[in-house]
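Engineer: Okay, here's what each chain looks like letter by letter:
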Amino acid sequence: MPSEESPAAIHVLEFPGGYTRTTGPVIGRFLTELRDRRLVGVRTAGGRVLVPPLEYDPDTGEPVTDDYVEVGPAGTVQAWAWVGSPRPGHPLDRPFAWALIKLDGADTALVHALDAGSPKALRPGLRVRPRWRAATTGHITDIECFVPEVTSLVAPVRAEYRVTPGRALTRFLEGVRDGRFLGGRCAECDAVYVPYRVSCPACGSVVEEEVEVADTGTVTTYAINNLPDPRAPEVPFVSAYVLLDGADTPMIALIGGIPAHEVRQGMRVRAVWVPPEERTLSMTNVKWFEPTGEPDADLDDSIGGA
Amino acid sequence: MREVAVVAFAQTVHTGHDTGLAEPELLLPVIDEVKRATGLKRFGFTCSGSCDYLAGAPFSFVSALDAVGAWPPISESHVEMDGAFALYEAWVRLQHGDIDTALVYGFGKSSMSDIREIMTLQLDPYYLAPLGLDQVSYAALQACAVNADRPALDEIVRRSRADGRANPHALDLPDPSGEEFEVEPLRPYDVAPVTDGAAAVVLAAGDRARELTGRPAWITGIAHRAEPHYLGMRDLSRSVSTAEAGRAAGVGKGPVDVAELHTQFSHEEPILRAALGLSGEVTVNPSGGPLAANPVMATGLIRVGEAARRILDGSAARAVAHATSGPCLQQNLVAVLEGAVLDQSL
Chain A
1 MPSEESPAAI HVLEFPGGYT RTTGPVIGRF LTELRDRRLV GVRTAGGRVL
51 VPPLEYDPDT GEPVTDDYVE VGPAGTVQAW AWVGSPRPGH PLDRPFAWAL
101 IKLDGADTAL VHALDAGSPK ALRPGLRVRP RWRAATTGHI TDIECFVPEV
151 TSLVAPVRAE YRVTPGRALT RFLEGVRDGR FLGGRCAECD AVYVPYRVSC
201 PACGSVVEEE VEVADTGTVT TYAINNLPDP RAPEVPFVSA YVLLDGADTP
251 MIALIGGIPA HEVRQGMRVR AVWVPPEERT LSMTNVKWFE PTGEPDADLD
301 DSIGGA
Chain B
307 MREVAVVAFA QTVHTGHDTG LAEPELLLPV IDEVKRATGL KRFGFTCSGS
357 CDYLAGAPFS FVSALDAVGA WPPISESHVE MDGAFALYEA WVRLQHGDID
407 TALVYGFGKS SMSDIREIMT LQLDPYYLAP LGLDQVSYAA LQACAVNADR
457 PALDEIVRRS RADGRANPHA LDLPDPSGEE FEVEPLRPYD VAPVTDGAAA
507 VVLAAGDRAR ELTGRPAWIT GIAHRAEPHY LGMRDLSRSV STAEAGRAAG
557 VGKGPVDVAE LHTQFSHEEP ILRAALGLSG EVTVNPSGGP LAANPVMATG
607 LIRVGEAARR ILDGSAARAV AHATSGPCLQ QNLVAVLEGA VLDQSL
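If you're matching them up, the sequences are chains A and B in order.
Number 210 in this note's numbering belongs to position 210 of the first sequence; there are no gaps in the numbering.
Number 487 in this note's numbering belongs to position 181 of the second sequence; there are no gaps in the numbering.
By construction, these hints were calculated from the structure, which means they are not laboratory data.
Do not take every clue at face value.
To be verified - Taking beta-carbon pairs under 8 Å as the criterion, some of the chain A residues facing chain B (in silico): (1) Ile27; (2) Ala81; (3) Trp98; (4) Ala113; (5) Pro119; (6) Ile140; (7) Thr141.
To be verified - The following residues of chain A were derived to be distant from chain B, with all beta-carbon distances above 10 Å: (8) Gly46; (9) Arg87; (10) Thr216; (11) Pro236; (12) Ser239; (13) Val272; (14) Val274; (15) Asp298.
Nothing here was measured: the structure is a model prediction, and the numbers come from that model.
A virtual CB, placed ideally from N, CA and C, is assigned to each residue, including glycine.
One chain only, chain A, in its complex shape (with noise of 0.2 Å):
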């Protein structure tokens, strides 16, 4: 018979305002002690510091001592549990860890709730401390969870400049804002510099002749980048070096329009310029280089072809 079928009542087992309980001598010294914010553990005949305290010890059934010792506050996590999603009952409504947590001093492990923010930050011997309640009544709740130790911190730095592109790349982002790429030809190295400037790096000379590279060019070398960048249109990106023709050093650039993992060394690419009405003096006027179409270049040809 299928239950749907059934009779059914709701039936309710419950013992208003709290079922009392003695704790007897053992168990009421934790308690009392823990209303105090203190944790204690109980002396064993053979010398083991059981916490929480038993009345007996659980490898002999004997009797424990009479001698309290203060544990802990801190403890080392043996194992856990991660509780993703919080029961009605639990201590916390918010994703935590159940923990074996033997205390500092202790020879045996407390179970309790661990604060821990993510399962990532679980691991055997995390050293944990107690987050006490408010009001502390004399109840294993009075530690309302574990949380971890302090280990890091996190330091929030922020200076701010004004900078100044300089005279070389203020021609350079000039052109740029014009659509065309402007490099510098040394006339001793026979080499031209991409982005523009105004001394050759090889040799020193002053850099007097400004020449204009083309908007294509090749990839030289590539990387897949996986987390996100402000300046990236979408995760992941590929930035790239890219040697533009008529240039004889690699400008790094976004590539574009080409799933990450087709991006190679020797593809051919173009420049793709935001509209003329948008431009300012600065790269972003490149949205991103997009493949042409092209064969692959010959990576050897053009970077020996300097």
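Position chain B against the provided structure of chain A, taking the given hints into account.
Structural biologist: Structure of chain B alone, referenced to chain A:
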């Protein structure tokens, strides 16, 4: 030690939902079945296992006696534990020598409430229950302590559920799938299903057993041991009490053909295998085990019954049955069942 054997075993077709039957109604057919199988109408002793918290009513086992027939007065007892522990009490009672038969049964409907909440109520009321530590959470702590291997656990569940589908009494559950956690590291399918059901076993001693069945499943060893209740006082990665009970029951004294283990969570199987020294060759839970049907308070008794069934039908010569109670395998019972009694003292 007096020779005592399992001579009959019956269980319900377990369900994952409430069929509308009250517990005595669930129980009546299985008691009828073992009475018919043995021809016995009355028993020297009757012992049951159940849990009042499952029904939410005190002395709920008393009403179940309606299914037994308690008048004229019978010699009867009850344990607030799985029926396997009632079987132990009946076995001890038979050792007295003045009676020859005993009826043992266990029953439970875990569909009536939230079993995770109910099992919180069995915990120590000072340190554990007030935290709201639930059954799956403490089992997950043990799974972490044993550092269980995920592919191995998946294979245990897959095998158990496949065997369960072949067992007409167990639930029809699909192969395990899904990446979500119930309580990490346990996935929902690592947890035994909510199940309603009941089981009954008849024990008989000596020649009475030989009269009642052609091939009694002799209990050549039985023992149970307990560990501290508090989880932090134990090494959760091992089951010391199962190992001790297994040693006392003589598990290692001969080859084991089959073992029925009370594994309510997949990670308990490697712990119990290690504790009992069962090699990879030993067939474990061919019935599907608790991962395929877990009628709480009958599940352990069913392990004894399923192990005995393989002796009774001749498919095994030597079988091991295991039952547990308490959080994280706290208390464990181990029985060895054999088709032939080899003890020279008998």
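Engineer: Are the hints correct? Go through all of them and say.
Structural biologist: Verification of the supplied hints:
{"no.": "1", "hint": "Ile27", "verdict": "holds (5 Å)"}
{"no.": "2", "hint": "Ala81", "verdict": "holds (3 Å)"}
{"no.": "3", "hint": "Trp98", "verdict": "holds (5 Å)"}
{"no.": "4", "hint": "Ala113", "verdict": "holds (7 Å)"}
{"no.": "5", "hint": "Pro119", "verdict": "holds (6 Å)"}
{"no.": "6", "hint": "Ile140", "verdict": "holds (5 Å)"}
{"no.": "7", "hint": "Thr141", "verdict": "holds (6 Å)"}
{"no.": "8", "hint": "Gly46", "verdict": "holds (13 Å)"}
{"no.": "9", "hint": "Arg87", "verdict": "violated (6 Å)"}
{"no.": "10", "hint": "Thr216", "verdict": "holds (47 Å)"}
{"no.": "11", "hint": "Pro236", "verdict": "holds (23 Å)"}
{"no.": "12", "hint": "Ser239", "verdict": "holds (33 Å)"}
{"no.": "13", "hint": "Val272", "verdict": "holds (40 Å)"}
{"no.": "14", "hint": "Val274", "verdict": "holds (43 Å)"}
{"no.": "15", "hint": "Asp298", "verdict": "holds (47 Å)"}
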